[in-house]
Amino acid sequence: MTGFNDQVIEEFRRSKGKLGGMFEGWQLILLTTIGAKSGERRTNPLGYLEIDGKTVVVASNMGAPAHPGWYHNIRRDHRVTIETGTETYAALAAVPPAAERAALFAKIVAAEPGFAEYQAKTTRELPVVILYRIDDRVRGLGDFLVEVHDWLRQELKTLRAGMDDIVAGRADKLFMEKSLRAHCVSFCEALTKHHTGEDMGAFPMLAQRFPALAPVLTKLGEDHVVVADRQKRIRELVEGYVHGESDPVRLRDEFDALAGTLEAHFAHEERTVVAALNVTAPG
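Per numbering that gives the first Met the number 0, residue 0 is the first one in the sequence shown, and the count goes up by one each step.
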């Protein structure tokens, strides 16, 4: 089969996607994935459909008992490369939730009845995979995430500057006590709301659609617990400072620890989930 695939791939590239023989008239793409075990690039010719503006492929394996290798690969690494014959582009392979999958498969069968025959040959449910083109021109939830992070970063800088003023004695103590408490409370509430929204909404949605992201999302969720613990200590120190019981230098050091943890968390999140958020949406 590998030799046959290689011949098809070579002809596909040579003819710019227009194949003859048994594939004449077919809508084919070349899907390149990263091997789940080997870590090497694997290319497969696949039939595809355009359903409701989405590029869709089915892991039918012609009705065989096991999923095709490329499907196992995208569950390990959702980043793929698509070749159409006239262009090559990066994409993300997403597994739709059950209801969306069922609706898509019904439309697929209506367009290509052969997939119903493949489904009838096996007891496994044929996976449907949506291939989302990565397009930097399209803004989405990922860009909004970065905007929220940038706002939180600026708030951190403002709070840090206020703490420096307190430690150096450059500000009226009563004014700074009230300002610091109010600013810390509003910042912590905003950060908690942001992380709760991710834990309850964005992360479960991403984990379902992009199984390869599961370890990353688990780590990000664990970061949220660490951040919440640091926030709690800072709120206690702020109240202690207001009542003359906390050392402002210690408060500043704890705040620096929180800022360092958050920046590492933000940077990791932006590297790993922004593209996936940009190409899809909840529901």
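The set of hints was computed from the structure by calculation and includes no laboratory data. Fair warning: there could be bad hints in the mix.
In silico lysine-lysine, DSSO-like type, Cα no more than 27 Å apart, as pairs [unchecked claim]:
hint, residue 1, residue 2
1, Lys106, Lys156
2, Lys36, Lys231
3, Lys218, Lys192
4, Lys15, Lys53
5, Lys15, Lys36
6, Lys120, Lys156
7, Lys231, Lys218
8, Lys156, Lys53
Distance ranges between label pairs, derived from CB positions [to be verified]:
hint, residue 1, residue 2, range
9, Ala227, Arg249, 40 to 48 Å
10, Gly220, Thr85, 37 to 45 Å
11, Asp228, Glu146, 43 to 51 Å
12, Gly113, Ala213, 26 to 34 Å
13, His242, Glu146, 33 to 41 Å
14, His66, Gly259, 39 to 47 Å
15, Glu235, Ala89, 21 to 29 Å
C-beta: ideal position from N, C-alpha, C; glycine also.
Outcome of the hint check:
| no. | hint | result |
| --- | --- | --- |
| 1 | Lys106 <-> Lys156 | 52 Å, violated |
| 2 | Lys36 <-> Lys231 | 42 Å, violated |
| 3 | Lys218 <-> Lys192 | 19 Å, holds |
| 4 | Lys15 <-> Lys53 | 22 Å, holds |
| 5 | Lys15 <-> Lys36 | 30 Å, violated |
| 6 | Lys120 <-> Lys156 | 61 Å, violated |
| 7 | Lys231 <-> Lys218 | 20 Å, holds |
| 8 | Lys156 <-> Lys53 | 42 Å, violated |
| 9 | Ala227 <-> Arg249: 40 to 48 Å | 20 Å, violated |
| 10 | Gly220 <-> Thr85: 37 to 45 Å | 42 Å, holds |
| 11 | Asp228 <-> Glu146: 43 to 51 Å | 26 Å, violated |
| 12 | Gly113 <-> Ala213: 26 to 34 Å | 33 Å, holds |
| 13 | His242 <-> Glu146: 33 to 41 Å | 37 Å, holds |
| 14 | His66 <-> Gly259: 39 to 47 Å | 43 Å, holds |
| 15 | Glu235 <-> Ala89: 21 to 29 Å | 47 Å, violated |
The structure shown violates the earlier hints numbered 1, 2, 5, 6, 8, 9, 11 and 15.
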